[in-house]
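Asks: If you read the protein sequences in the order shown, they are chains U and A. Add 51 to the 1-based position in the first sequence for my numbering, that's all there is to it. Add 51 to the 1-based position in the second sequence for my numbering, that's all there is to it.
Among the clues, some could well be false.
Treat identical chains as interchangeable: a pair holds within one or across any two.
Derived SDA-like pairs: lysine to any residue, alpha-carbon spacing no greater than 25 Å straight-line [said to hold, decoys possible]:
| # | residue 1 | residue 2 |
| --- | --- | --- |
| 1 | Lys82 | Met52 |
| 2 | Lys77 | Ala176 |
| 3 | Lys82 | Thr72 |
| 4 | Lys77 | Asp91 |
| 5 | Lys82 | Gly179 |
| 6 | Lys82 | Arg124 |
| 7 | Lys59 | Asp75 |
| 8 | Lys59 | Ser197 |
| 9 | Lys59 | Ala156 |
| 10 | Lys77 | Ile180 |
| 11 | Lys77 | Glu208 |
If you are wondering where the hints come from, they were derived from the structure by calculation, not from laboratory data.
2 protein chains.
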Amino acid sequence: MRYFDDIKVGDRRELGSFTFTAADIKRFAAKFDPQRFHLDEEEGRRSLFGGLTASGWHVGSVCMKLLVADFQRQAQELAARGEAVAIWGPSPGFRELRWIRPVLAGDTISFASEVLSMRPSESLAGWGILQGRNSGTNQRGEAVFSILTTAFVPMRETK
Amino acid sequence: MRYFDDIKVGDRRELGSFTFTAADIKRFAAKFDPQRFHLDEEEGRRSLFGGLTASGWHVGSVCMKLLVADFQRQAQELAARGEAVAIWGPSPGFRELRWIRPVLAGDTISFASEVLSMRPSESLAGWGILQGRNSGTNQRGEAVFSILTTAFVPMRETK
Chain U
52 MRYFDDIKVG DRRELGSFTF TAADIKRFAA KFDPQRFHLD EEEGRRSLFG
102 GLTASGWHVG SVCMKLLVAD FQRQAQELAA RGEAVAIWGP SPGFRELRWI
152 RPVLAGDTIS FASEVLSMRP SESLAGWGIL QGRNSGTNQR GEAVFSILTT
202 AFVPMRETK
Chain A
52 MRYFDDIKVG DRRELGSFTF TAADIKRFAA KFDPQRFHLD EEEGRRSLFG
102 GLTASGWHVG SVCMKLLVAD FQRQAQELAA RGEAVAIWGP SPGFRELRWI
152 RPVLAGDTIS FASEVLSMRP SESLAGWGIL QGRNSGTNQR GEAVFSILTT
202 AFVPMRETK
């Protein structure tokens, strides 16, 4: 990944998209979120969601999957250019996860990541704290998912 | 689930526990969070975490799994006593997810859910808004996971 010095507020990366099939939705739900509207089309139709709906944890996990793929793409691009790859700190968690609209079977969600704010860490010299938003939008351009993230990112001099 | 009227601040439910095996950790990571310390014991040992570590999304999804099982247990208990079962609204999301300590292969995490605050909804007559915390503690009594949740819960008169 990139160093703190090479990132600026407003930077945005498209993370790619994922189509939630009925089979995917049911498989995740059976394992982690076996509520009826995540397991059965007819129960989904009869629920507030209006159709078979992905678990919110499934949507968040798919966003993570695309984020990791993007990290790996960034690292390969940097390495291909002969540049050093920064190792970010472990994530302490996140704030304000919002499931804005249901993700129904067949929906294709495009995820993006943007930088909202940046500041040097007060407690850890040579590190910066980056706040960002990861978001998901469906094939009709409607926001479905948003999460505010915090990351610890090394500065170049900490190498 | 229970009605708003039957819940009070401080109510706590033990949701049960889950042991994260190396196989579970790798299976989830391969699908949703393929970072090296989630996929390989040796890479985990060399990382800041000190061992093969569960993806934070895996920990959150397991908490959801135990929460749903507890919802179903509550519904059965109410039905067995001949009481009405409340249908809660869909979750709008949550706040402040914290991954406090790594969950390593072999760790057994006990989850609990407690009610932090309650108020009537201003916009939706007959509904209340409940704020709570779901948390996870390992076999040494150390907090590993915490998430603040919001739920829309019907009052008895909305039946």
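Asks: Against each hint, give a clear statement of whether it holds in the structure.
Replies: How the hints compare with the structure:
1. Lys82 / Met52: Cα proximity of Lys82 and Met52: across copies only (21 Å, versus 32 Å in one copy).
2. Lys77 / Ala176: neither (46 Å within a copy, 34 Å between copies)
3. Lys82 / Thr72: both (16 Å within a copy, 15 Å between copies)
4. Lys77 / Asp91: The answer is within: 8 Å in one copy meets 25 Å, while 28 Å across copies does not.
5. Lys82 / Gly179: neither (37 Å within a copy, 30 Å between copies)
6. Lys82 / Arg124: Cα proximity of Lys82 and Arg124: across copies only (17 Å, versus 30 Å in one copy).
7. Lys59 / Asp75: For Lys59 and Asp75, the Cα distance exceeds 25 Å both inside one copy (36 Å) and across copies (37 Å).
8. Lys59 / Ser197: Answer is within: at 20 Å inside a copy they meet the 25 Å cutoff, but 30 Å across does not.
9. Lys59 / Ala156: neither (36 Å within a copy, 37 Å between copies)
10. Lys77 / Ile180: neither (37 Å within a copy, 29 Å between copies)
11. Lys77 / Glu208: Cα proximity of Lys77 and Glu208: none, with 48 Å in one copy and 34 Å across.
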